[in-house]
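*Asks:* Need the complex rebuilt from these two chains, each delivered in its own frame; the hints are there to steer you.
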Amino acid sequence: MRVDEIKNGIVIDHIKVGKAMKIYDMLELDGSDCTVAILKNVPSKKMGKKDIIKIDGNFNVDYDMLGFLSPCITVDIIKNGVLSEKKHMELPDTLANILKCKNPRCITSIEHGIPHIFKLVDRENGVYRCLYCETSAK
Amino acid sequence: MQNLINILDLSCEEISELITVADDIIDNPENYYEKCAHKKLATLFYEPSTRTRLSFEAAMLELGGSVLGFSEASSSSVSKGESVGDTVKTVSAYADIIAMRHPKEGAPLVASQRADIPIINAGDGGHNHPTQTLTDLLTIHREKGTFENLTIGLCGDLKFGRTVHSLIAAMSRYSGIKFILISPEELKIPSFVKEDYFGYTPYEETTSLDEALPNLDILYMTRVQKERFFNEEDYLRLKDSYILTPGKLENAKSDLSIMHPLPRVNEISVDIDDDPRAAYFRQAKYGKYIRMALIMKLLNIH
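For the protein sequence lines, the chains are A and B, in the order given.
Each residue of the first sequence is one higher than the one before, starting from 85 at the first, in our numbering.
Each residue of the second sequence is one higher than the one before, starting from 1128 at the first, in our numbering.
This is chain B alone, in the form it adopts within the complex (with noise of 0.2 Å):
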């Protein structure tokens, strides 16, 4: 029995081999219908994330299978005390596979090691969330039809944003790959994931959004949040610096694509919104199909 409690669970093959169904998914999703009928996924969340939900459940609906689950541990037995291998073993019983959401690092592996189904992390805390790898995986797939020879920027929180050390772990693997990390001072990223992921592939480091744009295939926007910050002083100097507007972009390229993980505040102008390079609600939008490939596989449905 598999489970996906961190994106590197998946060699690049297994990657390919889902993205491939995705695709597909996305070409005849007639042929998908009753793939998971009488199946159940579980999504068991204990702390509200109303996006990634959704998305599991519009995955599992459009499979054709059914949903059970509690949206935030107040209102499960948790509230009472029950611990974390208690639940989804119990869980195991009326579900066929579960979705966990989990404020503390490393739920997700105390729920696999007691669980007769597979877990899929739906995010632990600010450690793991390898179903938005996925997702950023199938854009960029989408968007560029490779993985390789890719300049991508990273910008904003680069410090606490877990889907940006999960991606950079995720395309380190792939050759031809260069990083840019655009970032102030206050939120470069931290050294331990330079050590584990950046030993062959080429990176550099800038506060200036504007000097990297024009060499980037891909631009990951994420949220600088104002309680990173020691003095409101700091903020208000960084914060305009890391927003994209129309202005901005005249330096990109053509085929640049604009990836964000959602929800934005205000890191891109919604005046972007309708440029073509605008990938993010079509990143979404992958993230229910590569959730039903999982599923799938996880399932062992072919």
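Chain A with its partners taken away, still in its complex shape (with noise of 0.2 Å):
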């Protein structure tokens, strides 16, 4: 199977098999009118069997949302057709507008117009906190 290589873009590799569509609606990319590809059970080395987006156009990626969904993701930028720059993902300090807190005591649960933000508590175990209650989030 080919699919015709990207000039000016970004490949996101390195996604856990079958969590490509879910990428996919978070990145809010069916809002978008780059040429995209969505590479599934792609065979891998490292991973056994990958999932791959290749987006070919300007887009301007959430990497604090990539890092937080799947922190063994790669991104790699193309320009002109070589790769320019490979980003390796990691969980963000920071969280803004990712998470709902879900705690029903929490102000965010009634006062409208504030930014959600959680921050990293324990980069080992992923714990992220909500800023406001403190809660961690499941």
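Hints listed in this document are in silico derivations from the structure and should not be mistaken for laboratory results.
Accuracy of the hints is not assured; some may be wrong.
[Stated by the list, open to error] Listing some non-contacts, in silico: residues in chain B with all C-beta distances to chain A over 10 Å:
# : residue
1 : Lys1166
2 : Leu1236
3 : Phe1274
4 : Glu1313
5 : Tyr1324
[Stated by the list, open to error] Residues from chain B that face chain A, not an exhaustive set, calculated with beta carbons under 7 Å:
#  : residue
6  : Ala1185
7  : Leu1188
8  : Gly1208
9  : Ser1210
10 : Val1211
11 : Lys1231
12 : Glu1232
13 : Ala1234
14 : His1254
[Said to hold, decoys possible] Heads up, simulated DSS-like pairs for lysine-lysine below, C-alpha to C-alpha not over 25 Å straight-line:
#  : chain 1 : residue 1 : chain 2 : residue 2
15 : A       : Lys203    : A       : Lys163
16 : A       : Lys222    : B       : Lys1271
17 : B       : Lys1321   : A       : Lys186
18 : A       : Lys184    : A       : Lys170
19 : B       : Lys1286   : A       : Lys186
20 : B       : Lys1412   : A       : Lys222
21 : A       : Lys186    : A       : Lys91
22 : B       : Lys1412   : B       : Lys1271
23 : B       : Lys1315   : A       : Lys186
24 : A       : Lys133    : A       : Lys170
25 : A       : Lys203    : B       : Lys1375
26 : A       : Lys103    : A       : Lys129
27 : B       : Lys1286   : B       : Lys1167
28 : A       : Lys184    : A       : Lys163
29 : B       : Lys1286   : B       : Lys1366
30 : B       : Lys1216   : B       : Lys1271
31 : A       : Lys170    : A       : Lys103
32 : B       : Lys1271   : A       : Lys203
33 : B       : Lys1353   : B       : Lys1366
34 : A       : Lys129    : A       : Lys170
35 : A       : Lys203    : A       : Lys222
36 : B       : Lys1321   : A       : Lys222
Beta carbons: idealized from backbone N, C-alpha and C, even for Gly.
*Replies:* Here you go:
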């Protein structure tokens, strides 16, 4: 199977198998007019099988969200048909408007117009807590 | 501009400075009568808490300042649907400092992001209540003269008791502190509190107040609330074991300090009130002095 090489754009690689569509949705790629290829079940030395998303064109990726969804993802930035940068994702220190606090006693449950912010408190175990009520995100 | 949202917003040095000022206020109250003249404290209490509100108001009045505000949400613009952010933005135009009590966790932090004047968290749901912790710290200082080398017993509802969690957070920063956590199985301290604060601080857990008492320098009592139990039977079985009576105190140290954030229901027998070891009414008084010191600090008044 062959998918055309991209000229200028990005390749979101090493996506956990089966998660490409979720990332497509979270990045709101359905609203983009870039050419997008979603590759599923691609053989991988490192992961056995993986998913890949190729985006041809100018698209601003939310790296915090990618890092949060799957820290093993790598992002290749392609310029003029060549790899210009390889980014390794990591868990971001802060998540803004990616998670919503589930604590019904949290101020975010009633106060509109404030950002939902979570802070990374334990990188090893990937634990985030709500900035406002300090409840851990599940 | 500084706010007080969480007790850990204050370093040990800042707490020490506040305590030094509070000590001086107690010794020389007349030097502070005019410190906050023409300044206004707004008490924004979205849920009633007469004790805390009066303590803040007494503190500001004793500094020569004035107070304004509301004591429940129904008598404010909140009942018309105004956001916390808009309310404090408006109040910033009328007052110099805000003390906020709110049933929702994190509301004072939201307020501090919008207000133009300092915010003091006067209790946000079951989350934080830093001026109670400052009160507890001043009490420990006045009773013991130190924050080091103390064995502190925490008794009662350690699961939901925010005053207990904050006191652990604050005291675990000092050396030589040991905690003895006395509670029924159902109300043991949550694991997140242990993970956060007991890295270097030794602690023991027990269900027996009688066994723990002889070792304690401080006994911090809290209320065991009936509604926390799944069934009446468990409550009836447990409630009496966490009531402090003169008989239980026989084996305690002669210089024990008994503290309680108040209000109490029946967990400390009134027969103990006249015992010199009963510190809880002195503790209430210290609450006013430490709030005076805090208001001055946040208003940058020396």
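*Asks:* Of the hints given before, which are not true for this structure?
*Replies:* The structure conflicts with hints 2, 6, 7, 8, 15, 16, 18, 20, 21, 25, 27, 28, 30, 32, although it agrees with all the remaining ones.
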